[in-house]
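> Quick one: dock chain against chain with the hints and give me the complex.
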Amino acid sequence: MATEMNNVGRPTRLVAGTGAAVETFTGNRALMLEEPLLFERGSLDTSGVDLPPVPPVPDRLGGLARDAVIGLPGFSEPEAVRHYTRLSRQNYAIDLGIFPLGSCTMKHNPRLNEKMARLPGFADIHPLQPQSTVQGALELIDVLADWLMKLTGMPAVAMSPKAGAHGELCGMVAIRAALDAKNDPRRVVLVPESAHGTNPATAAFCGFTVENIPANARGRVDLDALLARLGPDVAAVMITNPNTCGLFEPDLKTIADAVHAAGGYVYCDGANFNAIVGRVRPGDLGVDAMHINLHKTFSTPHGGGGPGSGPVVLSEALAPFAPIPFVRKTAKGLELVEEDTAGTQAPDSFGRMVAFHGQMGMFVRALSYMMSHGADGLRQVAEDAVLNANYVLASLKDIYTAPFAASGPCMHEALFSDDFLEGTGLTTLDLAKALIDEGFHPMTMYFPLVVHGAMLVEPTETESKASLDQLIGAMRHVATKMLEDPDAWRSAPHFAPRRRLDETQAARKPVLGYKDQAA
Amino acid sequence: MRYLPLSDADRSAMLATIGAPSVDALFADVPASAVLDGPIAGLPNHASEMAVERALVKMAAKNATASTTPFFVGCGAYKHHVPASVDMVIQRGEFLTAYTPYQPEIAQGTLQVLFEFQTQVARLTGMEVANASMYDGSTAMTEAVFMARRITRKNKCIVSAGVHPHYTSVLKTLTRFTGDLVEAGTPALTRGAPGDDLSGLIAAIDADTSCVVVQNPNLFGHIADLTPLADACHKAGALLIVVVTEIVSLGAIKSPGEMGADIVVGEGQSLGAGLNFGGPYLGLFACREKHVRQAPGRLCGETVDASGKRGFVLTLSTREQHIRREKATSNICTNSGLIALAFSAHLTLLGEKGLRHLAALNHARAVQLAERLGRIPGVALLNGAFFNEFTLDLGREARPVVRKLAEKGVLGGVSLGRLWPGHKALETGMIVAVTETATDEDFDAFEDALDEVMA
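So the sequences go chain by chain: W and Z.
Here the first sequence is numbered in this note's numbering, starting from 1 and rising by one per residue.
Here the second sequence is numbered in this note's numbering, starting from 1001 and rising by one per residue.
Watch out, some of these pointers could steer you wrong.
To be verified - In silico DSS-like cross-links for lysine-lysine, where the CA-CA straight-line distance does not exceed 30 Å:
(1) Z:LYS1327 - W:LYS509
(2) W:LYS481 - Z:LYS1309
(3) Z:LYS1290 - Z:LYS1327
Claimed, not checked - According to the in silico footprint, chain Z covers these stretches of chain W (three or more CB under 8 Å from chain Z):
(4) 35–46
(5) 493–506
Everything labelled a hint here was simulated from the structure, so no lab data went into it.
Ideal Cβ placement from N, Cα and C applies to all residues, glycine included.
If we strip away everything but chain Z, and leave its shape as in the complex, we get (with noise of 0.2 Å):
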């Protein structure tokens, strides 16, 4: 087998050494009812490399890639073109085949990527300090909940309606042992600013608050100043929890820190990650400096090696599970280095101008298109203020609609039945995502085939 170094010769000598009569006589202290006497029943065998790769290439061909489509599906996860180079870098074997950098002396290669990454995304966030990243974004919402509960002591969290359904089910999910209590609303398809109501989130601010958990741009792809809502809750003991799902929308629009912001969390994966069905992602996760040690991850910090030369260690570690077990701030054990990697050569190659031009790029293209969907008989767009993502209301189910747009060859959004179904209010409603990929041919067989599908 291609992946076994050892011969049977090898075997021998080894047993041997060992003086051990067999294999066998190595797991003697499996119970004889357990131990199996072959391999196990209903699996194949070993198989060649071109026998797999005949297999999987198969079962990949059975779907519609993003690349070959017209292409318009947002809603938490972004088709974006990631730089060769960004892939080249994450397939160093250095990179690829290391593991967390325990042993700083020879890990110096990871730790300043770590570095690195923190600085871009606190600066890209507009906050003091970031960590080493998180699983994916719905992750790093919940542990951000947490975070506020430890730093306020309260522990009445308040999710706006505009956050993606499925953040709110992850929190919803962790929070049924933990004490917080979620109050959550329904999003409203309302003209000009759909999704949540701002102001509805202010007063139900209270002296129990000890977050405001609101999505910028929000799941709708509305955007809003979030200032006023900073103040209240600031005046209520009560700290804003951001969290952004399009990180590239930062290179166009006042980030969360300028907003007033005490947590920002957020999904990275439109930086290097590419689409992946949903993960490998990279959890964002920045906060003020006052209040990092609350924060959950793990933080790469600067130092001296012994001869004097800067150098970089995983720090502050007494928050963290393998030193303080169940005292610990978190559970999380690893994070998403090498996805933290991607995203972070994938910014270093685009530096402000480039991020600057795409995040440019991707607003002009979106208002451009829909502007033209909002002509269509029948469609309205919903937004007023928005970056690479808006809300048509379809007047009639839209997923029904967008199934039909994907059998003439569109992947034109996500219907809002699919992401909150049951809501009769909401069933009409159509997430459309731009993005520097959609070409000209792809913006005209969109409005042809939702054209068609409405007529």
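Isolated chain W, as found in the complex (with noise of 0.2 Å):
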């Protein structure tokens, strides 16, 4: 093999060489590094923590000490730092490009709201502190809902759930509770079919029946099965608006007018509020309930699965019944209603729906988004987010199909189904690998149910035009290729740290743990 040469002897090209598939002693590819679990690398006797020792005292523990061997392998700092980055770049993220996950809302996380949820008059405080110690955390809490009773319309906020499902269940317990008050023993709730699962599994957890309600050709709730459903039974409606097929529902007003007439409750699922953030206002269409998913709306990170924060806008008819605690302003300054207090500053309060406040973290986090876009800002967010979902919509609409494309514009996330692969033998989930591949994070795929193989794509505001430029390119260079032939795209991904993933055998037999000799 020839190679030129320098003077010390070290090639400075590569001049011949086939570049075959070579298999590595390690597994790696250059910056594709394996990684192996903890439990085979660690060691019961490492620790990369310095402690001060143990002063010598007799214990007390009361003949319970734990004696046997737990196996817990602990790995040196730079050990412990490396297992970590190594097993963090196995990951995609939008720190790293466009995560379009429709319904989900993954957009930019700003890191001055890491910073300032970072600060030791936040993060480093107890929650049962004496409340004359933590007046300025109470003053964030009291601040941030001031800010989302105004953008939502609504007259109260519930701030402790800690997540969105959580927030459904706190508005769903307050409607229950709103009902035995008045001995009212209505217990079906509608759900249109395009709710998301969350809204069935929280209707049932608080005792009631669920109908679903259809969609219509439009993909909206079809009024008039809704309207003709309506009566003395039906407690409630959970509506997401904008809905989960990412639509605007137009009849929102007109349905909530007609279920208050009837007696009952609207319940609306606030993930898509991104979409409408700054510009409508949930409060000026009738809604009682509605939770805002901080960590979508409001940029708080999503952090591979939580924590999220789910606050809940009540109506003036629910809440009375809204959870302790809560912040109250009094001539002393700000004072957190709990039990001592509930009973005559909160008599109809249904309780507590978590240990203790919130998720702080996050309500920082949010706040410092919000005082970051401000009121104008946050407008644009809305008209930015449903900008680009119109976007990615028409520059694919004419390969993709998009089955309500043709009843006008989406809001902030485009909804496309698989029927255009129809008789390929390929189907969402292969388009999806093959996506993976070309560098991007999937959009969500079979959700909502109400259209064949749907694909949902969600960008939000924070992606330039020339990040949705290349998201569509892939997306326009994998379905005609996949029209072209088919059969090489049933394997993708390729390129991916892992091949295609058995989930059969994952959920046939469990391996939820490592197993080994010290366990």
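And the structure:
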């Protein structure tokens, strides 16, 4: 093999060679690094934390000392940092590129938010400190609550729910408590068939019977079917607006008026609030309760699956039933209404949702984001989010089946089905996996359930036109090639840290933890 | 605006592609009565990073922080030192800005962390399996009670008086509509064993009992051998649910699994999370393998990929709401992924050796302080056995004492009057937590301040 040599023997360019696939000793492929499990590498005798010595005092453990080996290996600090850094590189993330996961609102997470949440005055205070020592924390909750009420046009907000589904639960418990206070036995909750699965799960949890309402040909709630079902047994309607097809429900006010006239309540799933924030207030549409995912609309990071935060805005009718604790202004300052004062300040409260006051760390991040954008910026957020989604819809609808594009613009997310792949044997899953090879996180797949092989693309407002053009280009490329030569597209991804994983095996014989001799 | 990349020229070009005359046209479905013409009144407009930081720093400065004060507050949230590298790990954008691992081929980082986390939690609690975390300890406890009902097909839940009253309150809120019956007692300031009465719990078990819920160490810091209680539960066909709010304790005391627990739930805040005024925290949930299909929350499992390499996926999702809808085992969608990472990284840094050292240090320091405070005239230490938290009987209402201590710059504990308002017999109690972060100077300051307040 001939190589050009410099004067100390080091080749300065590759002159010949095939580049054929090489199996490496380590299983690594340059920057694509394999990482063993902590339990395969760590040692029970290694620690990456230095602690002061334990004072020699007789123990008072009552004979309950833990003698047996626990089985928790440790790493020194450099090993630990490397372990997690190497693992991190097997993840896709917003910081790496567009994450167009419909209904999840994967927008940029501003780093100012992280910095503010780590201020000791917020991060290093205890939920049970005397209230006089946490007036700034109560102020932050109070200011954030004020923003949320103004942005939604609602008179009250419960701050403690820990996530969207937890907020739903709070709202539905409030509705149930309001009905019980009137001895009203109605128990049916109407849920559109396009609803997120948490809606029926939450309603059932509160002792309601769930009935589905069909969608119409335009992807909206079938108004006639819903109105026809209203009656003395209907406790509430749960509607997502904009809905899970990415469409605004134009009849929500009409529905709300009819539900109220029939003695029921309107729960709005606010997961998609990002599309309308600053432009439409749900309070103007007759909503009684709506949760707000701070981790979607207000940019708190998703963290690989939480923590979220799901405050719930409430109407006058439901406000008295809101959970404790909550912040109240008094002549002496801010006060947390807890068990001791609930009897006088919140006699109808349905109780606690969580041990403490909710997701303070998320509150700080969300307020930092809101103050950064301001009322004018948040309006622009909704406009750009909707513009970006419509741009994607318009740029793909000649190839991808867009079931509702004929009925007008979408809101913040564009919905496609895999009908255009019919006859190829390929489905939405194959297309999504092909996008992984293109360097994208795929869109939401197979949700909502109302269209076949749903692909729900939510770009969010923090994507540039160049970023959208790249995604659109890749989606057009993949779809075109799939229609030309389907057989080449059944096994993607090829270039990800892992090929397709066997989910059937995982579920049939679950291995949910590492097993070794030391355990 | 710094978070919005589109220029006006971009917007015009994109509208042209869409074929819409204006952005307003994209909102055509909004009824005219609900259209807002301009920014919402009463809220400020956008602000620079500098301005936002200034405003929030000012707010934060009004709070007394744990690190700058002699600090002994516990009761479900604990001030522990979190290594700097833990915060570095969770700020990696690949962890911080990822979603739930729905596309496992490009989420192996998160998934492997969850698999390691589940293994760590199972071993720590002495159980066979653990889930990928829940919102917090209180919601995890509530889910455990529902799980016990599903398994036993019985609906009476007996909650020990030593369980954190906020946890019991959450349980009561969510069982109002589910048909579960909750029997919860009132604690007593019993010398030697404050809080609950295990023999009373055993006596209360009957044929309708689905589960007994007990906290260890209990709210008052007391630790007990739960084996007789577990035996009594199992004899009656009921499950024992053990709540652990101070997870560091499991580096020193026998695990709930070793004492016969069927489900262990806990608050994982002590490792990795920091105090954060109550959240985000970390719900821990572990159980026996035979019950895992009735467990709530996400589970990560091992499998192989198409080329035979080991990999991890979310599994057993047929229990979950996105598939089962109204028949799901729980309505929960999110877990507490990033805090689970922080917990796991902190525990990995400690390792077994470090955890045992940390636990021993917490215990020894608590013993030292308990003995000092117990010598103050009028103050009685109620605990016989404890880990890093104990209850003092002050012989007078404790709530004003806690406030007076705060005025002297000492955050000295939690009064039982705050947690159990209206219970005269409890109002003299104060619960004190001691961790590795408290110095000898902090001990001196606390002892002096309490001495003065009691005098």
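> With reference to the structure, classify each hint as holding or not holding.
To see whether the hints hold, each was checked on the structure:
1. With a C-alpha separation of about 23 Å, the suggested pairing of LYS1327 (chain Z) with LYS509 (chain W) holds against the 30 Å cut-off.
2. Proximity of LYS481 (chain W) to LYS1309 (chain Z) is assessed by CA-CA distance (about 28 Å); at most 30 Å being required, the pair is judged to hold.
3. For the proposed pair LYS1290 (chain Z) and LYS1327 (chain Z), the alpha carbon gap of about 21 Å is at most 30 Å, so the pair holds.
4. Given a C-beta distance limit of less than 8 Å, the hint that chain Z covers the region 35–46 of chain W holds, as 9 residues qualify and 3 suffice.
5. With 11 residues bearing a CB less than 8 Å from a CB of chain Z, the region 493–506 of chain W meets the requirement of three and the coverage assertion stands.
In terms of the numbered hints stated before, the structure departs from none.
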